[in-house]
Every structure is written in structure tokens, then in C-alpha cells.
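Between the sequences and the hints, there should be enough to build the whole structure, so can you do that?
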Amino acid sequence: MGKERLLKWYDFHQSSNPMVPVGSVIATLVLPVPPNSVGTEVQVGKSIKLNKINQDDREELNATIVWNYGLQSPTLGLQIVVATQRMQFSIWRDAPFTGKRLCTVLDSGTLTEFTTITSLPSFSNTITTTFKCTDDNVKKDSSHKYYLTAAARNASGIMVTEASQGQPVPITTFRNPTITEFHFNGYVIDENET
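When the letters of the sequence shown are read in order and numbered with the numbering used here, they come out as residues 1 to 194.
Honestly, the hints are just simulated from the structure, not real lab data. Certain hints may be false.
To be verified - Derived Cβ-Cβ restraints for the label pairs, each shown as a range:
no., residue 1, residue 2, range
1, Lys139, Lys46, 24 to 34 Å
2, Thr75, Thr134, 42 to 52 Å
3, Asn176, Thr104, 13 to 23 Å
4, Thr134, Gly166, 48 to 58 Å
Said to hold, decoys possible - Straight line, CA to CA, 25 Å or less: simulated DSS-like cross-link-like pairs of lysine-lysine:
no., residue 1, residue 2
5, Lys52, Lys145
6, Lys49, Lys100
7, Lys49, Lys139
8, Lys100, Lys8
9, Lys8, Lys140
10, Lys49, Lys132
Quick reminder that beta carbons are idealized off the backbone N, C-alpha and C, glycines included.
As C-alpha cells, then:
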């Protein structure tokens with residue numbers, strides 16, 4: 001006989017209307033201060049609760065986060081900008097930050113711009129990160145809460161301007177990244193032998 005998989009429980013939490021192109025800010029993430037490479041980790045939205053978990057079940061957790069980052073140019077005129085922002089997303093069981101960290105995903109977004117604007121330009125990029133992780137071999141039959149967290153990692157980039165006489169200079173005017181939308185869900189899947 002084969003293995004039969006049955007969905008036993010489902011829960012989700014999402015924020016922002018997916019039909020609205022730019023949602024309001026859900027979380028602002030503080031950039032790390034050197035020599036640190038990770039900023040303060042924050043919880044994104046509410047937890048989800050999965051019930052009816054048995055030791056032989058599999059808990060599948062899915063997250064999609066829409067995040068933005070940007071920078072303000074300190075100068076006018078011809079500019080070439082190349083920048084990268086790194087982010088960290090995690091899913092925790094039972095408590096954020098102190099529970100069991102089930103998975104961590106690192107993602108980054110790149111911004112490349114060429115402009116001749118005569119006012120101080122602002123550059124930004126919107127990135128969508130999607131990932132999945134599995135929690136299995138939970139030691140006892142029970143319910144568990146799961147939490148989604150995020151932290152900004154280092155941002156880096158260079159800018160070439162008329163003022164820099166064609167020489168690349170490091171970018172120091174990054175804005176704190178923001179999260180404008182997220183979808184977080186979980187399933188309890190019965191892994192019975194039939």
C-alpha cells in the first residue's frame with residue numbers, strides 16, 4: 001500500500017489588500033550599525049496556530065513578503081547608482097526570537113539607475129520573497145504557534161556622479177527597508193501509512 005496524505009488543519013494570516021498596488025507600511029526594519037551585519041529582528045504580523053498535530057504529521061509553513069528599500073541621492077545631475085539590500089526572514093515555533101527557529105532565508109534586491117535629474121532624486125525597489133519550510137517530528141501531540149520574523153542585513157552600493165569626477169563613491173544614504181505586504185500560512189498534513 002502507498003502513503004496517504006490528508007490535510008488535517010490550516011491557518012493563515014495576511015496583511016494588505018493584494019488588489020491595492022502599494023499597501024501601507026506594516027513594518028520598518030532598522031539597518032544594522034557597523035560592525036554588526038544584522039539589524040534588529042522584528043515580528044511580522046500575528047502568529048498562526050496549527051492544531052491536531054501528531055508526532056508523525058508534517059507541518060508545512062509558507063511565507064511571502066513584499067518589501068521595499070531605497071536611498072536618497074545627496075547630489076544633483078548625472079548619476080549612476082548600483083545598490084544592494086540584503087534581508088533575513090525566519091519562521092519560529094512556539095515563540096518569536098526565543099522559540100525554535102525552523103528556517104531562515106536570506107534574500108537581496110538590487111537597484112541600478114542612471115539619471116540626469118536636476119532635483120535630488122530618490123531611488124527605490126520593491127522585492128517579493130517567497131519561501132517554504134517544514135516542521136516535522138514534533139515530540140508530542142499538541143497545538144503550536146508559528147511566527148514570521150524579519151531583519152535588515154547590510155546595504156551596500158556605489159554612486160558615480162559629476163561631483164565625484166567619475167570616481168565611484170560608497171552610498172551612505174540608504175533608507176530603512178519596509179514591509180508592505182505579507183502572506184503567512186501553515187498546514188498540518190497527516191502522514192499515515194495505509
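These are the hints, each one checked on the structure:
At roughly 25 Å, the beta-carbon separation of Lys139 and Lys46 lies within the given 24 to 34 Å, and the hint holds. The hinted range of 42 to 52 Å is satisfied by Thr75 and Thr134, whose Cβ atoms lie roughly 49 Å apart. Hint check: Asn176 to Thr104, Cβ distance near 20 Å, so the stated range 13 to 23 Å holds. The given range of 48 to 58 Å is respected by Thr134 and Gly166, whose C-beta atoms sit roughly 51 Å from each other.
With a C-alpha separation of about 12 Å, the suggested pair Lys52 and Lys145 falls inside the 25 Å cut-off, and the hint holds. Of the supplied pair hints, the one linking Lys49 and Lys100 holds, its CA atoms being roughly 15 Å apart against a limit of 25 Å. Only pairs whose Cα atoms come within 25 Å are accepted, and Lys49 paired with Lys139 is accepted, the gap being roughly 17 Å. A threshold of 25 Å between alpha carbons decides the hint, and for Lys100 with Lys8 the separation of about 23 Å falls inside it, so the pair holds.
As the CA atoms of Lys8 and Lys140 are separated by approximately 16 Å, the hinted pair is consistent with the 25 Å bound. For the suggested pair Lys49 and Lys132, the alpha carbons sit about 16 Å apart, so the restraint of at most 25 Å is met.
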